[in-house]
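Student: Sequence:
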Amino acid sequence: MNTQNVNVNTAAQERSERYGKKSIVNGSSDDWDVKACLFVTQEIGRFSVKFSAPCIGGTVNLSCSHITNACNPFDAVMRFARETSAQGCTVYAVEQVEPVRPVCLSTTGYRFMQKGFIWLCLDTGVFVDVSDDGRMRRGDDGRTLPYYGTLTRI
0 MNTQNVNVNT AAQERSERYG KKSIVNGSSD DWDVKACLFV TQEIGRFSVK
50 FSAPCIGGTV NLSCSHITNA CNPFDAVMRF ARETSAQGCT VYAVEQVEPV
100 RPVCLSTTGY RFMQKGFIWL CLDTGVFVDV SDDGRMRRGD DGRTLPYYGT
150 LTRI
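Numbering-wise (numbering that gives the first Met the number 0), the sequence shown opens with residue 0 and increments by one.
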């Protein structure tokens with residue numbers, strides 16, 4: 000993976016220069032789609048925010064990372080600050096883990112893509128059936144999946 004510092008020069012590059020394509024389960028990212036005509040979509044990818052944090056007592060700094068859904072490296076840093084209570088941390092790099100692409104985001108924060116009638120949860124790798132009202136069921140036995148939330152209709 001390519002580690003990128005968040006700076007103006009990186010942000011000014013074309014998206015295709017900064018990020019390569021990454022294949023996903025059962026095909027490339029081009030094979031999967033979202034049902035844009037029925038559900039709200041967002042351009043989201045996965046980023047790893049690398050940061051150093053002081054240890055208790057402040058004599059040692061730890062190198063850590065935080066994975067977040069975001070639309071670009073700057074957004075990833077802002078979400079890191081909002082999602083964590085880390086204080087005194089220094090962000091030194093942002094690495095793209097998954098490409099930015101249109102996905103359907105559930106009410107509980109899971110990301111979904113569709114191929115035909117099959118839906119894939121990008122966060123867990125589970126295949127689900129999605130009804131027209133956005134509710135989800137397991138593909139194999141039809142049990143409801145309340146922890147995945149629902150997709151929002153347009």
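No wet-lab data here; the hints were simulated from the structure.
Misleading hints may appear alongside valid ones.
As the list claims (entries may be wrong) - Each pair of labels, with its calculated beta carbon distance range:
1. R81 <-> R142: 32 to 38 angstroms
2. V59 <-> A80: 31 to 37 angstroms
3. D128 <-> I55: 24 to 30 angstroms
4. I66 <-> Q86: 38 to 44 angstroms
5. Q41 <-> Y146: 16 to 22 angstroms
6. F126 <-> C54: 38 to 44 angstroms
7. G56 <-> Y91: 19 to 25 angstroms
Think of the CB as a built atom: it goes at the ideal place given N, C-alpha and C, for glycine as much as any other residue.
Student: Hints first: check each against the structure and report whether it holds.
Tutor: Status of the hints after comparison with the structure:
no., hint, result
1, R81 <-> R142: 32 to 38 angstroms, "34 angstroms, holds"
2, V59 <-> A80: 31 to 37 angstroms, "23 angstroms, violated"
3, D128 <-> I55: 24 to 30 angstroms, "48 angstroms, violated"
4, I66 <-> Q86: 38 to 44 angstroms, "20 angstroms, violated"
5, Q41 <-> Y146: 16 to 22 angstroms, "20 angstroms, holds"
6, F126 <-> C54: 38 to 44 angstroms, "42 angstroms, holds"
7, G56 <-> Y91: 19 to 25 angstroms, "21 angstroms, holds"
Checked against the numbered hints above, the structure breaks hints 2, 3, 4 and satisfies the rest.
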